[in-house]
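**Q** The task is simple: from the sequences and hints, build the whole structure.
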Amino acid sequence: MARRAGAPEVSAGSMADIAFLLLIFFLVTTTIETDAGLDRMLPPIEPPDTDVVIKQKNIFQVNINKNGQLLADEELIELKDLREKAKAFLDNGGDGTCSYCQGRKNAESSDNPSKAIISLKNDRETKYSTYITVQNELVGAYNDLRNREAQRLYNKNFVDMEAEYLNPETDDDVKEELKEKVKRIQDLFPQKLSEAETSSD
Amino acid sequence: MSKFAKKKDGEVPAVSTASLPDIVFMLLFFFMTVTVMKDSSLKVENVLPNASEVKKLEKKDRVIYIYVGKPTKEYEKLFGSEPKIQLNDKLSSPSEVGDYILMERAKKPQELQNVLTTALKVDKNASMGLISDIKQELRKVNALKVNYTTYEGDAFNNLQ
Numbered sequence: 001m002a003r004r005a006g007a008p009e010v011s012a013g014s015m016a017d018i019a020f021l022l023l024i025f026f027l028v029t030t031t032i033e034t035d036a037g038l039d040r041m042l043p044p045i046e047p048p049d050t051d052v053v054i055k056q057k058n059i060f061q062v063n064i065n066k067n068g069q070l071l072a073d074e075e076l077i078e079l080k081d082l083r084e085k086a087k088a089f090l091d092n093g094g095d096g097t098c099s100y101c102q103g104r105k106n107a108e109s110s111d112n113p114s115k116a117i118i119s120l121k122n123d124r125e126t127k128y129s130t131y132i133t134v135q136n137e138l139v140g141a142y143n144d145l146r147n148r149e150a151q152r153l154y155n156k157n158f159v160d161m162e163a164e165y166l167n168p169e170t171d172d173d174v175k176e177e178l179k180e181k182v183k184r185i186q187d188l189f190p191q192k193l194s195e196a197e198t199s200s201d
Numbered sequence: 001m002s003k004f005a006k007k008k009d010g011e012v013p014a015v016s017t018a019s020l021p022d023i024v025f026m027l028l029f030f031f032m033t034v035t036v037m038k039d040s041s042l043k044v045e046n047v048l049p050n051a052s053e054v055k056k057l058e059k060k061d062r063v064i065y066i067y068v069g070k071p072t073k074e075y076e077k078l079f080g081s082e083p084k085i086q087l088n089d090k091l092s093s094p095s096e097v098g099d100y101i102l103m104e105r106a107k108k109p110q111e112l113q114n115v116l117t118t119a120l121k122v123d124k125n126a127s128m129g130l131i132s133d134i135k136q137e138l139r140k141v142n143a144l145k146v147n148y149t150t151y152e153g154d155a156f157n158n159l160q
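Going line by line, the protein sequences match chains H and R. When we follow UniProt numbering, the leftmost residue of the first sequence carries the number 1, and every step to the right adds one. When we follow UniProt numbering, the leftmost residue of the second sequence carries the number 1, and every step to the right adds one.
You may find that some hints are simply not true.
Said to hold, decoys possible - Each computed DSS-like pair below joins lysine-lysine, with the alpha-carbon atoms no more than 30 Å apart: (1) H:LYS85 x H:LYS175; (2) R:LYS70 x H:LYS175; (3) H:LYS156 x R:LYS70; (4) R:LYS108 x R:LYS55; (5) R:LYS70 x H:LYS66; (6) R:LYS145 x H:LYS192; (7) H:LYS85 x H:LYS192; (8) H:LYS181 x R:LYS55; (9) H:LYS183 x R:LYS55; (10) H:LYS179 x R:LYS70; (11) H:LYS183 x H:LYS55; (12) H:LYS181 x R:LYS70; (13) H:LYS85 x R:LYS145; (14) H:LYS192 x R:LYS60; (15) H:LYS175 x H:LYS80; (16) H:LYS192 x R:LYS77.
Said to hold, decoys possible - Which residues of chain R face chain H? A partial, calculated answer using Cβ under 8 Å: (17) GLU53; (18) VAL54; (19) LYS56; (20) ILE131; (21) LYS135.
Since the hints were made in silico from the structure, they are not lab data. For glycine and all other residues, C-beta sits at the position ideal for the given N, C-alpha and C.
**A** This is the structure:
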């Protein structure tokens, strides 16, 4: 049968090879970036104009020495106990103004969560991995407490709410609603984590 | 006879490969969309520590990266084995961090210049001295928002 109309069909057999070539190119030139981490704010360089007087009992001092040992409130503690200790300090509610605190209301510890400050100090020779672990535990202490409150108020985890709020794919209406809730929880336990300058000795 | 018994015995028909390109293209598009091009090659060792309370860094256009770690084998002769800072493609000293941040900030569109985050990708064996110097420099140029980039995992794995 003679073909008159139409050009002969182009073979698509090598299409797969071409596509594989492209695929392999992209596989080797790209990396799946690890872009998650601990968000922190550094203190501004100019000290505030007015001197703020902070009571000693409202400060939870954490010191890391160069061997990775931990001194929290003048007590040598293990890293794994830090989270509980920080939580107890934040949740203390010593002056009774904090209605949602479940701590021991110890007069010697912090007054209420909005006044409680965690101060982190490290040596120049502290290993970065130790520092991150400590940071992680302190952030974890705040997150645990915020989760507890979010569960109580909205039956949701704070961490999930915040992740949804920050996700660019979330709808604007949902975002607007979440914004208030997230803000409210954040205000219940404001993150006051001060990083003092490193000591060199 | 029956309508369904018309196959020739013993011969398996060839599997059509016509849809193979489609499948491969699908894979290709998947990898094209989920991956990002490497913008600078690493000259330092960069094994990040683990942390569990991480937040995702959305919006890559608002991030400035700083890498810290021990120079890799090829650069060890040139730069020694002490941890160094890598800015873009070159190894530098802490005093150059400020200028680098200002330069990168100037490259970004106006409306993003105030919401930039500095991502510190630090090798887990680096010491805090260098990080403190960087933090000090960042404070000088008012780049206060930092993100200590980590892998997601149990933070206590760091200590081993």
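**Q** Would you mind confirming whether the straight-line C-alpha gap from LYS156 of chain H to LYS70 of chain R stays at or under 30 Å?
**A** Cα-Cα ~43 Å, so violated.
**Q** Does VAL54 of chain R hold up as a contact with chain H if the rule is Cβ-Cβ below 8 Å?
**A** holds (4 Å)
**Q** Can you confirm whether the C-alpha distance between LYS183 of chain H and LYS55 of chain H stays at or below 30 Å?
**A** At roughly 26 Å apart (the allowed maximum being 30 Å), LYS55 of chain H and LYS183 of chain H satisfy the hint.
**Q** Hint check: LYS179 of chain H vs LYS70 of chain R, CA-CA at most 30 Å. Holds or violated?
**A** At roughly 41 Å apart (the allowed maximum being 30 Å), LYS70 of chain R and LYS179 of chain H break the hint.
**Q** Taking 30 Å as the top limit, are the C-alpha atoms of LYS85 of chain H and LYS145 of chain R close enough?
**A** holds (27 Å)
**Q** For LYS181 of chain H and LYS70 of chain R, compute the direct alpha-carbon distance and say whether it is at most 30 Å.
**A** Distance of about 43 Å is beyond 30 Å: violated.
**Q** Quick one, are LYS85 of chain H and LYS175 of chain H close enough, alpha carbons at most 30 Å?
**A** Distance ~34 Å between LYS85 of chain H and LYS175 of chain H Cα, so the pair is violated.
**Q** Mind checking the alpha carbons of LYS70 of chain R and LYS175 of chain H for me, to see if they're no more than 30 Å apart?
**A** It is violated: about 42 Å lies between the C-alpha atoms, which goes past 30 Å.
**Q** Would you check the hint for LYS145 of chain R and LYS192 of chain H, treating anything up to 30 Å between C-alpha atoms as holding?
**A** Holds, at roughly 15 Å.
**Q** Could you grab the alpha-carbon distance between LYS192 of chain H and LYS77 of chain R and see if it respects the 30 Å cut-off?
**A** Violated, at roughly 43 Å.
**Q** Under the criterion that the straight-line Cα-Cα distance not exceed 30 Å, is the pair LYS192 of chain H, LYS60 of chain R satisfied?
**A** holds (27 Å)
**Q** Measure nothing beyond the straight line between the CA atoms of LYS181 of chain H and LYS55 of chain R; if it is 30 Å or shorter, mark the hint as holding.
**A** Holds, at about 18 Å.
In summary, the structure is inconsistent with hints 1, 2, 3, 10, 12, 15, 16 from the numbered list given earlier, while agreeing with the others.
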